[in-house]
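Going by the working numbering, the first residue of the sequence shown is number 31, and it counts up by one from there.
It is worth saying that the hints were derived from the structure and are not from the lab. Incorrect hints may have been included.
[What the hints assert, rightly or not] Here are the computed lysine-lysine pairs in the DSS-like style, where the Cα-Cα straight-line distance is at most 25 Å: (1) Lys393 with Lys184; (2) Lys658 with Lys558; (3) Lys393 with Lys475; (4) Lys468 with Lys558.
[What the hints assert, rightly or not] Simulated restraints, written as ranges between beta carbons of each label pair: (5) Arg187 with Leu701: 33 to 41 Å; (6) Leu587 with Val49: 41 to 49 Å; (7) Asp384 with Ala615: 53 to 61 Å; (8) Gln559 with Ala48: 36 to 44 Å; (9) Val852 with Arg755: 50 to 58 Å; (10) Cys647 with Leu701: 44 to 52 Å; (11) Glu488 with His233: 47 to 55 Å; (12) Ser947 with Leu701: 40 to 48 Å; (13) Trp747 with Ala48: 49 to 57 Å; (14) Tyr659 with Leu587: 36 to 44 Å; (15) Tyr659 with Ile627: 39 to 47 Å; (16) Ile951 with Val852: 40 to 48 Å; (17) Asn580 with Ile627: 53 to 61 Å.
Backbone N, C-alpha and C define an ideal beta-carbon position, used for all residues, glycine too.
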Amino acid sequence: MPLISLILLPFIGSVLAAVLPANARNTESTLAGIIALVCTVQAAMLFPEVADGGVIRQELVWLPALGLNFVVRMDGFAWMFSMLVLGIGSLVVLYARYYMSPADPVPRFFSFLLAFMGAMSGVVLSGNIIQLVFFWELTSLFSFLLIGYWHHRKDARRGARMALTVTGTGGLCMFAGMLILGHIVGSYDLENVLAAGEQVRSHELYTPMLVLILLGALSKSAQFPFHFWLPHAMAAPTPVSSYLHSATMVKAGVFLMARLWPVLSGTDQWFWIVGGAGVATLLLGGFLAMFQRDLKGLLAYSTISHLGLITLMLGLNSALAAVAAVFHIMNHATFKASLFMATGIVDHESGTRDMNRLSGLRKMMPITATLACVASAAMAGVPLLNGFLSKEMFFAETVFVDADHWVRVALPLAATIAGMFSVAYSLCFTVDVFFGPKATDLPRKPHEPPHWMRVPVELLVLICLLVGIFPAWTVGAFLNAAALPVVGGNLPYFSLAVWHGINTPLIMSIVALLGGVVLYMALRWLRKQEVLGDEAPLFSRIDGQRVFENLLARTTLLARDTRRLLNTQRLQWQMLWLVLIALLAGTLPLWLQGLTIGHRANLPLSPAFVLLWVIGCACALGAAWKAKYHRMAALIMLGGSGLCTCITFLWFSAPDLALTQLVVEVVTTVLILLGLRWLPKRDKNLQAPALSTDLTVRARRLRDLLIALAAGGGVGWLAFTMMSRPFPESTSTFFLERALSEGGGTNVVNVMLVDFRGFDTFGEIVVLGIVALTVYALLRRFRPARETMDLPEQQRYIPGDLQTDLVNPRNAADTAVGYLMVPAVLVRLLLPFATMVSIYLFIRGHNEPGGGFVAGLVFSVALLLQYIISGTQWVEAHMPLYPRRWIGLGLLFALLTGLGAITAGYPFLTSHTFHFSLPWIGQIHLASATFFDIGVFTLVVGSTLLILTAIAHQSVRGHRYHARMQEEQAAQEGGR
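Using the sequences provided together with the hints, build the complete structure.
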């Protein structure tokens, strides 16, 4: 199976799980389990290929000109993380099968879980750093959905929003850092980046790039000062917490730091930023964990502390410390996943996670208690368990660190204190919950869970024991393969022996174990004396959630105050600010860089062309002057100005632009006509005034005139200076020379849009579809102002009365009224002819003026005429169109065309030309871009209809409004 299947299969399973019925509980869990297990086995079978520094690489050509190909890459480190993501994911699926309640929407749970698994696999296996950022943001999105799974709970909604805000913002910073990194290296390919360490570290942009990337990594792994979001993510179901906080979500940050360790490490900036954040998080998380009385809260803060330990080891600029970090990533995933699952069992069987209520569970749940004690001992670093080995390596690196004297003293001390904290909160987890007298005040009587619910915990605890007792035999080869890429291919010597003799790290471990026991006993005694409560001293007033929500509230208030300051209901002021800002944005760079006229020979100025633009300018000025007083006249003159633009395009031999502009003018005219129906009625007493003697009014008009002249003249001057310059031959002739040979068409404009710049066009139609759906959603809630629908007081509305409709057509039952019957019939006869014209323009578009865009507009206009003349209700009763489906179908056509090129081994949307012959027809010339153009055509039709018919529906709503008013009036008269 190809390597990409490790990413695709979870996403496919996510879609399948989402469509399964809610009562198919076993089917959904079986589906998720099979997909996770198959991916795990497939990844495990790839180990021989990456064991000795090998790399498996598969590449799909996407946008090679931009360096954006879809690359899937697996080395030893990616293999290790894939096994964590997929292996622990398989165990979590099995565990969730028994944990989730039948009342929960299980299809949604497994769908989100599989999608998150696929996104995390994408992060781990990405061979392109921009592709990595894409999957990185997907993990933020799907973790948001998983944390907020129980969305009826306020804490789940708040925790999900906090996690998405913090990690999503960090991801945007990381995206900027990755762009800078790619700029420094000259490539976004991960292999090229990993090979350019010296070049990156010596570059002047290294520091800002490093800060931006670390903002993403540290926020994702909940490192100080971004640690506050992780405890609030505990509102998620326990299987989610077990998965996100042991092997996936929070490990993504340390994965990225380890992945880029050969490139970014080795500098003072790296040491102080990464090491400083790591040691602060290590101590802070361990200290706060000791005072948590919620089992998941304790594990959350302990996770923060252990992630700080891994971050600190990566920040020490030592290859051996980096190996220890990789080892602890593996160990932490096993014992933390088992501890979260054990906590879920306790909660599931007893009904609470409150440590103040739990006690003596060892007698009621002996197997679960034993498993939890072993996993907790591994977390504390007890000998003969896996956590002890990596913590010993950590202690050794803090002792032999190469730094200033005070750092060499402070780091071992901080490591020892953190080890004491780890022992203390591990004892809190085990002794307070499983030992002591039996708890009597519990919601449910505790008992052992179903056997298969406990199996994942048993397997993980077994791994903790085997690795702790036989480290070299069980994990040695895997650690070598995983650490080799992290340290840049030169693996330092290290030993995984359980006993290294009596040395400083061993003494530190003994001190940490004994000191942790003493610290736990002291905390227990202080709680009994009620000296300590459930809140951590010194930190009770520092609440990250409070700071975060306060910041959000202040940002919201600032935005609201800014909106009130700048907002106005007067369109004139809005247009004034818009034009001024655009004028400033265009003037400033030109002022700094200068703009001169070129020496290109000018074309002879024709009197007819001058006359054309005299008419066009007169229409534009007339439309501006009459817009306030005679709307229809202004609209007609605006159309005249647009028609002059169309003729100008023809004059300069641009028939495609002229044709498109002409149809756009028609659609725009229809749009404004529909909008004019719902503007407030014009005051008949308001006439065009003479020149006012008021100095304020005259000054305002002079200001507006000067700004309009500056903006219009500036754009005209810019266009003239650009056209007066000779263009390089490579630019001016590139598309002309290659349109037929590489694009398969003689219409250069169309070939550019669907072939050479097909990805740009794809992005544009996606934006067009989004805009159409957004406008549709807004218009569904739009209600015209009441004064635009109310009839004069002396006129009574009679539904279906022609005289009422003629006097006030806004209140007609539909867009068309009775006196438009003859035009309606004629327009219906016009529809087949317009359809033929649209098809003709579409077919000829690749070689002659036309194409999918203009053909879609022509067909849209033909359909819109049906709405305008025949009426909304008649058209939708006789010819249902479903514009939203057209939009979806258009996007699907365009996407499948691009993917078809990829399956053939070519870049996305690469055009191919096919020649074949048909009986009685002859030779047929067909370009693959035709199918992409079908997508453009379909989406343009759907978007245009969706926007304009949504406005047309206001007529129906207006009719319903008056019908309802008539019924209410009749009811009142009947009551009298």
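Evaluate the given range 33 to 41 Å for the C-beta pair formed by Arg187 and Leu701. Holds: the Cβ-Cβ distance is about 39 Å, inside 33 to 41 Å.
Determine whether the Cβ-Cβ distance between Leu587 and Val49 falls within the hinted range of 41 to 49 Å. About 43 Å separates the Cβ atoms of Leu587 and Val49, which means 41 to 49 Å holds.
Range hint 36 to 44 Å: satisfied by the CB atoms of Gln559 and Ala48? Given about 54 Å between the Cβ atoms, the range is violated.
Is the hinted range of 36 to 44 Å satisfied by the C-beta distance from Tyr659 to Leu587? Given range 36 to 44 Å: holds, Cβ gap about 41 Å.
Falls inside 40 to 48 Å, the C-beta gap from Ser947 to Leu701? At roughly 45 Å between Cβ atoms, Leu701 and Ser947 fall inside 40 to 48 Å, so the hint holds.
Please verify whether Lys393 and Lys475 have alpha carbons no more than 25 Å apart. 12 Å, holds
Going straight from one Cα to the other, do Lys658 and Lys558 come out at no more than 25 Å? 80 Å, violated
How does the Cβ-Cβ distance of Val852 and Arg755 compare with 50 to 58 Å: does it lie in that range? 56 Å, holds
Would you say the C-beta atoms of Glu488 and His233 sit inside 47 to 55 Å of each other? 51 Å, holds
I want to verify a distance hint. Is the separation of the beta carbons of Trp747 and Ala48 within 49 to 57 Å? 56 Å, holds
Could you check the hint for me, namely that Tyr659 and Ile627 are 39 to 47 Å apart, CB to CB? This hint holds: roughly 40 Å between Cβ atoms.
The hint says 53 to 61 Å between Asp384 and Ala615; measuring C-beta to C-beta, is that right? 58 Å, holds
Violated hints, listed in ascending order, are 1, 2, 8, 10; each of the other numbered hints is respected by the structure.
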